[in-house]
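Numbered per my numbering, the sequence shown spans residues 2 to 215.
In silico DSBU-like cross-links for lysine-lysine, where the CA-CA straight-line distance does not exceed 35 Å:
1) K68 / K183
2) K199 / K68
3) K145 / K68
4) K175 / K199
5) K145 / K85
6) K175 / K68
7) K199 / K183
In short, the hints are calculated from the structure, not lab data.
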Amino acid sequence: MTFSRLTLVTTIWVCVALSGQGMSRSNVPATVVLETGAWRAWPVIYQFTINNLTIGFVNDALSGADKIPPTDGASYITTVPRLKSPRSYILDTTVNWTELSTGRHYATDFEVDENAYSWFDGEGVPLYVTFGQHGAFTVRTLSKARVIGPVTDAIALDDLDIIAQGCAQRTATKAWTEERLKMQLQQVFAHDAAFVEKHRGDPLPAPQCPDPGR
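Could you build all of it, start to finish, from the sequences and the hints given here?
This is how it looks when you write it as structure tokens:
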């Protein structure tokens, strides 16, 4: 076999191999780990959509924003379909939420590039989402040093990388009235209604986003 033919065959084999890897990845669902937190005096109800798949039911985040990583005890591990190549490594994420203190609705979009967090080795990128006042949000994950290095202490803020952060867009949906909020709490989250009422006056950090008004 001549050198030119050998080079051609090798090139074709490499192209086929890379194509096969892309197809293989597209056929394997992506694993996602979600944990959420909010301030006790500023709880929310929320829902995630990742790669066009709505994750579970509407849930609530009532506390945990002061913890590292932020979590109110709820943790979700799920799989989602991958986007078509060449975006099969992207987690296209939308979060919708309602503040139980104001009745206002917010939404934000962000993308997670799995290739940028290769140290999770396909086991799922954990997303720690903190909800703040007036649409504030922060999405974090574990840093490479924390995952591959020796673990000697509890997770600290320096062990987390920020994936997305900002002030979410308020949606056009009219803010819920106090009566509507109470009805939602009683009918959907009856077990948490007393907790929300108890902590309405708890201290809050300085807001990171402006008050949009009613």
